[in-house]
Amino acid sequence: MTNAGDILLRVEHLTMRFGGLVAVDDLSFEARQGEITALIGPNGAGKTTVFNCITGFYKPSEGRIGLCHGDAAIWSELDALTESGKRGITRGDSGLYLLERMPDYLVTQNARVARTFQNIRLFPGMTLLENLLVAQHNALMVASGYTLFGIFGLPSYHRAERASVEKARDWLNRVGLIHRADDPAGDLPYGDQRRLEIARAMCTDPVLLCLDEPAAGLNPRESALLNELLMSIGNEHGISILLIEHDMSVVMEISDHVVVLDYGIKISDGAPEVVRNDPKVIAAYLGVPDHELEKAGAEIGR
Amino acid sequence: MATGVKSSAAQRIDTVAALRDAAITTLLAFGLFLPLIGFHTVTNIRNELELDTRWPLLFSIVAVVGVARLAYSFLLAPWLERIKLRPVATTTPAWRATFGKWFVPFCIGFVIVYPAIIIAATGFGGALKWVDNFGIQILIYVMLGWGLNIVVGLAGLLDLGYVAFYAVGAYAYALLAKEFGFSFWILLPLAGVMSSFWGILLGFPVLRLRGDYLAIVTLAFGEIIRIVLVNWVDVTNGYAGISGIPRPSFFGIPFNASDDGFAATFGLEFSPIYRTIFLYYLILALALLTAFVTVRLRRLPVGRAWEALREDEIACRSLGINTTHTKLTAFGMGAMFAGFAGSFFAARQGFISPESFTFLESATILAIVVLGGMGSQIGVAIAAIAMIGGTEIMRELEFLKHIFGESFDPTQYRMLLFGFAMVIIMVLRPRGLISSRAPSVFLKDPKPVPVDPVKQGHG
Ligand SMILES: Nc1ncnc2c1ncn2[C@@H]1O[C@H](COP(=O)(O)OP(=O)(O)OP(=O)(O)O)[C@@H](O)[C@H]1O
Ligand SMILES: [Mg+2]
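Residue numbers (the numbering used here), protein chains in the order written: chain A, 1 to 302; chain B, 303 to 761.
Calculated from the structure, these hints are not laboratory results. Take the hints with a grain of salt, since some may be wrong.
[To be verified] Per label pair, the in silico range of CB-to-CB distance:
no., chain 1, residue 1, chain 2, residue 2, range
1, B, Ala542, A, Gly85, 50 to 60 Å
2, A, Glu77, B, Val406, 28 to 38 Å
3, A, Leu21, B, Val406, 40 to 50 Å
4, B, Val406, A, Ser156, 40 to 50 Å
5, B, Glu481, A, Asn119, 49 to 59 Å
6, B, Val406, A, Asn119, 37 to 47 Å
7, B, His627, A, Ala80, 26 to 36 Å
Everything numeric in this text was worked out from a predicted model, so none of it was measured. Glycine included, every Cβ here is placed at the ideal spot set by N, Cα and C.
Can you make the complete structure from the sequences, with help from the hints?
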């Protein structure tokens, strides 16, 4: 049914303007099933804006963002769906969604795209476990009969809640935070918060996980742990990842496919080693201010 | 040793600074109170205004302010510093745990036997006042506080017009009971539904707004409802209010002196206390229902979503939570409890007018929630007892007249004392009386979580 290598996400002619500023200009790219796709570019290139468009936080000025669940054959209906004015269609187990038409919460709920934020957004006063349960809100809401069964304490709800706690426990184990399950999330050190945010996003059962600079501010050890986590999410769960990253070593190590943005325009697209040697990419990174020049040059030219 | 020397040096510098501080405060107080207290106008026999001065009062108040400032610098401020430096206990002592476990059952037990204790202590005649003014009155506010706590404390939506829903409940009961003769037990849920409906109706356009903007719109909504009540004379009878509202009966048996009244039916001597006691248990049951439902909801996905919404709305949306629906349920749920309380209020008073639903009511309820500690049920209950009980106690402080003279009316200083108490509590406990929340779910041990651990660190 789902085959690694099928197209999962298709961004076409995406343009986002803020007043006179064109943050993303006619961007098209594809992300494939089971792959890690990296979106890179200098500061202010428009990477976060692309994420916000994909996840419904911004409504793009122009363009189409299609996402496919299950069998890739359903892509053939993309144009018909666009004409129909609907948000998405399902055919048996497969589905096709137009993300630019959906409000943010439906992108997660129906199209199953989860995201994290560049500046971490946890629920700091709630415990780690609660953070992960909030992420399972929609499933639990149905199990609690939209609160009705829950308020009378029906056993079916208790079963569903126990299952959710199990799932949360599982993810806490995987990100190595199980011993802090009952502590407030705001008390965690920075690196742990990043991993918790990823675990929380994973608890929404996504098909596509969008991570906005997950390695920012991590020390080398934490960064290595993160790489491992991301690889395992991709391999074990078959979940595709869309990754924004500044750290070239991370990008080159784990991504299958790299898209490079500069001033909102795509300047390169391909396998990591191809992108690394692309003169336009090197030029874009050399165009950045002095203090980053050395670093970027060293990283790219390796 | 070294620290001792240093701190005594700091103390000496403090003295100069404190004296200067006190002098500035005294001057400020003098400037402020000179026109406010120093002068006042009196009307003489010929109906002319005359300027009068009150130097002794002015100087004594200014002196009190100066001394208070000194006391703050020398006593209170160092003490607060010491509290801040004190190491935070990492484990809760055993007695605290036992206390915590038994506190709530004890309180519930106490409020259940409260009327019996009062009657035993004061007899039937004296009990009326204590059950009515202290029992029922406080419980209404406890219930309102718990209702508003859902909106403000859990969902983090600042609602300054909560009293509007209380009014909707009260008028719904009053009008429907008078016009159609429906019984209290039918109208109670109906009033809740109506208030809830208005809550959701208001919520739809308003909930896109956040923080201050939401507060202003809800404030306006509260005023609109009150002004409609004042001006829609045909229905609401305007300022004159609605009187002769049917009283609730004991499952069909009225509380009156007639032959089929409550007292006669049960072979008791007639006394108004029976109705009061019945009303007491009624509002107690309603308040406990509110608390029970809130406790339950907190452990359900909706309740968790409310709290998540308070912490970070954008993160909620990224997790697939429909924030509009979530806010509306909080608004509707809070409004429903206000509607219950409102219909109870109308049934208890037998008379309602727009005067009972002014902004001051909203402010009082909000103050109860904020003082209690946002989100904490026990805190809210304690704050309601302190604030409403405090007001009532003021009426009892007749002896103060002996100190301050016959013209002294303690109830008039209520707001002053409230303001004062509020400032003190907010200085000592900026997050309310009870500033920790119990996690709604836990793996190992349910230790309370301090509210907002991140922000609190920055003071
Ligand atoms: N809501 C907004 N309103 C106006 N301008 C915006 C908005 N969001 C982003 N921009 C602008 O769009 C451009 C791209 O910003 P974006 O945050 O997408 O960059 P980025 O590639 O994520 O950069 P960084 O690496 O610093 O995170 C910037 O010039 C930014 O100022
Ligand atoms: Mg960014």
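Results for each hint:
1. Ala542(B) with Gly85(A): 50 to 60 Å: 56 Å, holds
2. Glu77(A) with Val406(B): 28 to 38 Å: 58 Å, violated
3. Leu21(A) with Val406(B): 40 to 50 Å: Violated, at about 57 Å.
4. Val406(B) with Ser156(A): 40 to 50 Å: Given range 40 to 50 Å: violated, Cβ gap about 29 Å.
5. Glu481(B) with Asn119(A): 49 to 59 Å: 57 Å, holds
6. Val406(B) with Asn119(A): 37 to 47 Å: 39 Å, holds
7. His627(B) with Ala80(A): 26 to 36 Å: 31 Å, holds
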